[in-house]
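K.L.:
Mind docking chain B on chain A? Use the hints.
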Amino acid sequence: MPGWYTKTLESQRAGEINVIGVILEQHPDRCRLFMQWKQMDFPILVDSFNLIGAPLVPLTYLIDESGVVVKLWPGDEDLQAFLDAGPANGEAEAPGYATEGPGYEALRLVSGEDPDYEGAISVLTGEHSDGALAFQRGVAYRMRYDSQERHTTDFGEAVEAWSAALETDPNQYIWRRRIQQFGPRLDKPYPFYSWVDEARAEIRARGETPVALSVEPRGAELTSPERAFSASQRSAEQPDAGGAILADSQGLISLSSVVVPHTSGDAPAARVHLSLMPNDDLRAHWNNEGGGLVVWVDTGDGWRTDAELFEVANLEAPVSDETRTIEFEVHAPEGGRMDDLRVRGYALYYVCEGADGVCLYLRQDFNVLGK
Amino acid sequence: MVRRTEEPAIDRALLILMIVVAALCVVRAAPAQTRSPRDLGREFIAEGTAFPALRLPDLRTGEMTSLESLIDGRRTVLHVFASW
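Protein sequence lines, in the order shown, are assigned to chains A and B.
For the record, in the first sequence the residue sitting at position 139 is 139 according to my numbering, with numbers rising by one throughout.
Here my numbering = 1-based position in the second sequence + 371.
Don't take each hint at face value.
Sample of chain A residues with no beta-carbon within 12 Å of chain B, all distances over it, derived [claimed, not checked]: (1) Ser122; (2) Ala205; (3) Thr209.
Listed next, the in silico DMTMM-like pairs over lysine to aspartate or glutamate satisfying Cα-Cα at most 20 Å (straight line) [claimed, not checked]: (4) Lys71(A) / Asp443(B); (5) Lys71(A) / Glu439(B); (6) Lys38(A) / Asp429(B).
Since the hints were made in silico from the structure, they are not lab data.
Yeah, the Cβ is synthetic: ideal placement off N, Cα and C, and Gly gets one too.
Only chain A is shown next, with the shape it has when bound in the complex (with noise of 0.2 Å):
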């Protein structure tokens, strides 16, 4: 798309061609430190619900001056034809799509300075049989999930409606490619977003300041395919084996998992996703004059996964209440189903009660099951 942009460049400052786009994309910001990071500037629409219905990106298409599709994925001659044909006859037939339903009511409700996530997923929530609202479902509660009225179990909802989704039109690529923003290695056609650093670079270089991003990509948002599992050698050893930690028993630390599959068939791969956020109604926070956070996870039973152990640095502030979040990989043995899955682990943090209250080191054990 850049290679167009610059095929296109002097013919756009001539006034003869117009290049406009549409992102499909969750987060749309990234797009903004892309356009920066490539220095292109055409006029972009937001379309994270996918309101337009595109089975698949990218689509390049030439539009005529009357509003009628002459080429779909133009190659270079069809390009100069098209700047070099005469004025377009006629008037095109008017649009068949309506700009109004629930996905644009969707919309309205979380455009604007004060979102309403909770009224979104209302509107988006009707028959499980249609896809695309379940698609946007997804895409409303992840949005509540990025934002600041996150429910624990927001991003679980999301990628439950996606796969509601895709079971209903396995050949939506936007679809199966929203999961695979999230989920394992081995279901990736492509690193999402590996590209934020180094465009960071190159726009810090040129004496600009980069966008900034509302959600930082992590994790699965970053890594690469791979054709193999990579398991964990098994060198790390447990940092509280013995069982010595004090439990959480108040749930000062809300622990959450999401377990993301392969959406291809019964691919015995998936991602899970820890997060652990401190409780609002406790007043809690993590006391981060201790050590990080640190997790343990074991799958057994021939399960395995790419790491047992995990560290979370602390903030710099002394005390913070971010929502931390730890991912690995899980691969069933042969024969093994993801119905199967059960993973045993633990989290050991130094937390806070209340504003003036006991400071402990606790431990919060925890099941992952993938039914």
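P.N.:
Chain B only, in chain A's frame:
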């Protein structure tokens, strides 16, 4: 303010407490795709037909903007894409 972290003694009674996390999503893998991207693209908006009306937020301003107003009676190259 410096916070002091207390290292509690082992509490055997609490060690048997397993906190089971229930926030799991139960999902089934969808079948593999069967149609080629080329066929899907051709069927989506066919050559010779009008491009559909759209009214969506502008990436830079966030203001709802119609595609028609951007085309504005000019020849247009339209990219539907993602930055990944």
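K.L.:
If a hint holds in the structure, say so; if it doesn't, say that too.
P.N.:
Hint check:
no. : hint                 : in the structure
1   : Ser122               : holds, 20 Å
2   : Ala205               : holds, 20 Å
3   : Thr209               : holds, 16 Å
4   : Lys71(A) / Asp443(B) : holds, 19 Å
5   : Lys71(A) / Glu439(B) : holds, 18 Å
6   : Lys38(A) / Asp429(B) : holds, 19 Å
The structure shown violates none of the earlier numbered hints.
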